[in-house]
Amino acid sequence: MKAAWKFLMAMGLFAATLVFAQGNLEVNTPAIAALKASMADRHAQLAPLYASGAVGLKSDGSLAVHDANAVPLAQRSKLNTLVAAENSDRAALYREIAAANGHPEWADDIRRTFAQRWIDKAPSGWWVQDQRGWARK
Amino acid sequence: MKRVSTATAMVALSLVMAGCVTINIYFPAAAAEKAADRIIDEVWQLKPGAEAKEGESAK
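Sequence lines, in order, name chains A and B.
Position 3, counted from 1, in the first sequence is what my numbering calls 291; the numbers after and before it change by one each time, with no gaps.
Position 14, counted from 1, in the second sequence is what my numbering calls 25; the numbers after and before it change by one each time, with no gaps.
To be clear, the hints were calculated from the coordinates, so they are not data collected in a lab.
Source: prediction; values computed, not measured.
A few of these clues could be false.
Said to hold, decoys possible - With beta-carbon atoms standing in for the labels, derived distance ranges:
id, chain 1, residue 1, chain 2, residue 2, range
1, B, V22, A, A332, 41 to 49 Å
2, B, S25, A, T369, 51 to 59 Å
3, B, L57, A, N316, 29 to 37 Å
4, B, V27, A, R330, 43 to 51 Å
C-beta: ideal position from N, C-alpha, C; glycine also.
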């Protein structure tokens with residue numbers, strides 16, 4: 289009888305740990321760190337493009353060319369390359385976070401959460417997309 | 012009697028464990044939002060603290 293209660297108590301503690309672990313998402317894996325570093329690096333080139341309206345934040349957690357005319361003709365292919373590279377990193381980031389937490393099926397939920405937060409945190413003057421289309425913050 | 016208590020404990024335990032697993036399949040929206048904010052701050056370098064640290068090590 290006593291042993292059973294001790295066992296129950298130990299399992300209760302174990303369960304409490306599980307519930308606590310549930311309160312956080314694991315985001316510290318080498319793959320996620322590499323993606324963050326790559327995106328932070330690219331941001332130096334992207335920041336002036338956000339500010340000029342050349343690129344904007346889409347409602348699906350990716351970037352898109354919003355106004356190619358804001359960039360000189362000679363640099364437009366570079367603009368497209370930057371956007372494509374950033375979108376591929378972002379897609380990988382959402383996938384990696386879901387996988388790191390043992391729930392690959394969360395990737396879309398994570399993408400939606402990020403989409404909202406990228407837009408919320410964007411400084412004023414940047415172009416963002418909502419249900420009605422593009423708008424300047 | 013003793014055997015019955017152990018059985019009860021085991022049933023209670025399995026219920027607790029099942030409860031944990033059930034909680035864990037729901038997407039933790041609040042935790043995801045916190046994680047997103049941390050990552051966005053790093054990528055966009057919105058927190059001056061992280062920048063300063065890197066600057067110091069570069070000097």
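Results for each hint:
Between V22 (chain B) and A332 (chain A), the C-beta spacing of about 59 Å breaks the proposed range 41 to 49 Å. Take S25 (chain B) and T369 (chain A): their Cβ atoms lie about 55 Å apart, and the range 51 to 59 Å holds. A hinted range of 29 to 37 Å is violated for the C-beta pair L57 (chain B) and N316 (chain A), which are about 19 Å apart. Taken as a hint, the range 43 to 51 Å holds for the pair V27 (chain B) and R330 (chain A), whose Cβ atoms sit roughly 46 Å apart.
Violated hints for the displayed structure, listed by number in ascending order: 1, 3.
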